[in-house]
Structures are given as C-alpha cells and as structure tokens.
Amino acid sequence: MTAVEIAPTSALSLSGRGAGSNGAGLNPRLARVRARAAARESIRAMRPAARAKRRRRTPEELRAVVERGQAQLNASGGTPEADAQAVIAWAVREFGPYMAVASSMQDSVLSHLVAEQFPFVDVLFGDTGYHFAETLGTRGAVEIELDVNVVDVRPELSVAEQDTKYGPRLHERDPEACCAMRKVAPMKKALENYEAWATGVRRSETAARANAPLVSWDERNGVVKINPIAAWTDDQVSEYADRHGLVVNPLLADGYPSVGCEPCTARPLPGEDARSGRWAGRDKDECGLHV
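For the sequence shown, the positions run 1 to 291 when the numbering used here is used.
FYI, nobody ran anything at the bench for these hints, they're computed from the structure.
Note that CB positions come from ideal geometry on N, CA and C, so glycine has one too.
One or more of the hints may lead you astray.
[Stated by the list, open to error] Restraint-style ranges between C-beta atoms, simulated for each label pair:
1. GLN72 - ALA266: 37 to 45 Å
2. ARG51 - ALA266: 18 to 26 Å
3. TYR166 - ALA37: 35 to 43 Å
4. PRO270 - ARG55: 22 to 30 Å
5. ASP235 - ALA160: 36 to 44 Å
6. GLY271 - ASP235: 17 to 25 Å
Go ahead and model the full structure; you've got the sequences and the hints to work with.
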C-alpha cells in the first residue's frame with residue numbers, strides 16, 4: 001500500500017475532527033460517517049494514479065507470485081500456517097490497489113480484517129437481483145460502518161430481462177444457468193480489473209472446501225485467489241464479529257446460517273449442515289464462484 005492511499009484516512013481522522021465547518025454540532029456518529037464518506041471519495045479519486053504506477057502483471061507473473069506466497073504462508077516443517085493477519089499483510093504488499101475483497105454480505109468479518117491493513121479496499125458484492133432485503137440492508141450498513149469501498153457487481157440482464165429471454169423462475173428450472181449468469185459471469189468480468197481477490201471461503205463449511213488453500217491461482221478468473229480465514233471455525237468468525245462490533249446479516253440470527261439468494265435459500269432442518277438450506281433438495285451446494 002502506498003502513502004498516497006492511506007493519507008486521506010489519517011488526515012480526516014474518523015473521530016469527526018476534520019469533517020469541516022459543516023461538522024460543527026453534529027453528533028459523533030454522524031461526524032464519523034461523513035468523514036468516512038469523504039475519505040472514501042478521496043481514495044476513489046487517487047486509486048487510478050496508484051494503479052498507474054505499475055502495470056497489471058501477466059498470468060505467468062502472477063503464478064510466480066502464488067508460488068512465492070505458498071512458500072511463505074503454508075505450513076512447512078516446524079513452521080505453522082500463517083494466520084489471517086499475516087496472509088492479508090502479504091497480499092497487501094504484493095497487490096495493493098490491484099486487490100479486491102469478495103463479500104456476500106453474510107457478515108463483514110473479512111472486509112474488516114482487510115480494511116484494517118488496506119483502508120477503503122474495494123469490496124465486490126454480487127448484486128444478483130434476488131437478494132433478501134436483509135442482505136441489501138447489510139450491504140448498506142457495511143458501506144456506512146467500515147473503511148471499505150463497496151462495488152456492486154451486477155449481471156448483464158436485469159431479472160425482468162432474464163425472465164423475458166429465458167422464461168420466469170430460471171432459478172427453479174436450471175439453477176446452474178441462473179448462477180452462471182447472475183453470479184459467476186459478472187464476477188469474472190469485475191475481476192478483470194484486479195490481480196487478486198480475497199474470499200471468505202473456510203475449510204469447515206463443506207467437504208468440497210475442506211482443503212481450501214491460503215493462496216492459489218484462480219484459472220477461471222485469471223487472478224490470484226486468497227482465503228485468509230480458511231482455517232477459521234464458525235465460532236472464530238462469530239467471536240471476531242462480536243469483539244469488533246461488526247455488521248452481520250440479521251438472517252444469521254433467524255435460522256439461516258448460510259445466506260444466498262432469497263428464492264434458493266431456506267433454513268436448514270435440525271441436524272443438517274449449515275449449507276444444506278442452499279438449493280435445498282438439489283445436488284448443489286456451490287454457486288460456481290469457488291469451484
């Protein structure tokens with residue numbers, strides 16, 4: 001991260017000082033929100049210049065970065081696997097403004113972890129058009145409460161346009177096609193602007209994710225994929241969110257341990273795993289972003 005990228009944050013000081021004459025008399029929280037918004041806009045304006053300082057690296061160069069990262073971060077001999085903060089520190093050094101965070105707005109733990117070291121990182125939110133109202137509310141709260149820049153990643157077609165072209169309720173008839181159009185393709189296009197993305201994939205979530213690496217080459221998207229909290233348990237995520245007073249999706253407290261699009265997400269039955277409510281009744285537990 002360059003000095004030019006963090007200067008606006010420290011200069012504005014999110015305590016409310018530096019909010020300008022218009023900040024006089026504001027309650028402290030509103031002053032912080034206004035200061036954060038001003039800092040965010042300043043960073044947005046400066047980021048193109050930060051990127052212009054070096055070119056986006058080729059796939060071959062990025063694969064070499066992955067190899068270096070694996071050597072530094074993976075467990076080896078008597079050295080344990082790097083923790084989340086160390087993984088993020090490595091990623092910030094390697095990618096700076098060419099790194100983004102992906103968030104489904106189930107919680108804001110990963111966004112907070114990265115923003116602690118890289119203020120106003122781009123947080124990519126896949127706005128599918130099918131989200132719960134609670135998820136959209138969480139998205140808005142995250143932008144207000146955290147030092148992040150939320151980027152809405154939307155499909156080429158609106159829901160109405162997709163219904164016209166492919167017929168209504170495609171998510172019921174062909175959920176793979178729906179996910180491909182509304183999640184996978186838009187994210188792939190968005191990632192063309194980056195060298196790396198950090199995701200909240202964790203090994204404890206599903207059998208398919210049990211061996212999720214800290215860093216790998218994402219062939220589908222042509223970027224480096226980083227999973228800083230791969231080793232975290234559900235309890236660790238909850239404890240971190242509680243300790244830092246972070247925004248979490250209220251659906252987590254309403255029987256939805258895993259939150260996706262509203263038509264395809266149900267509460268799991270007692271005794272079933274957390275993701276069993278996703279595409280319930282189908283042989284599917286991934287949208288395609290992480291396979």
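Any hints from earlier that this structure breaks? Give me their numbers in increasing order, please.
-> Checked against the structure, the hints that fail are numbers 2, 4, while the rest are satisfied.
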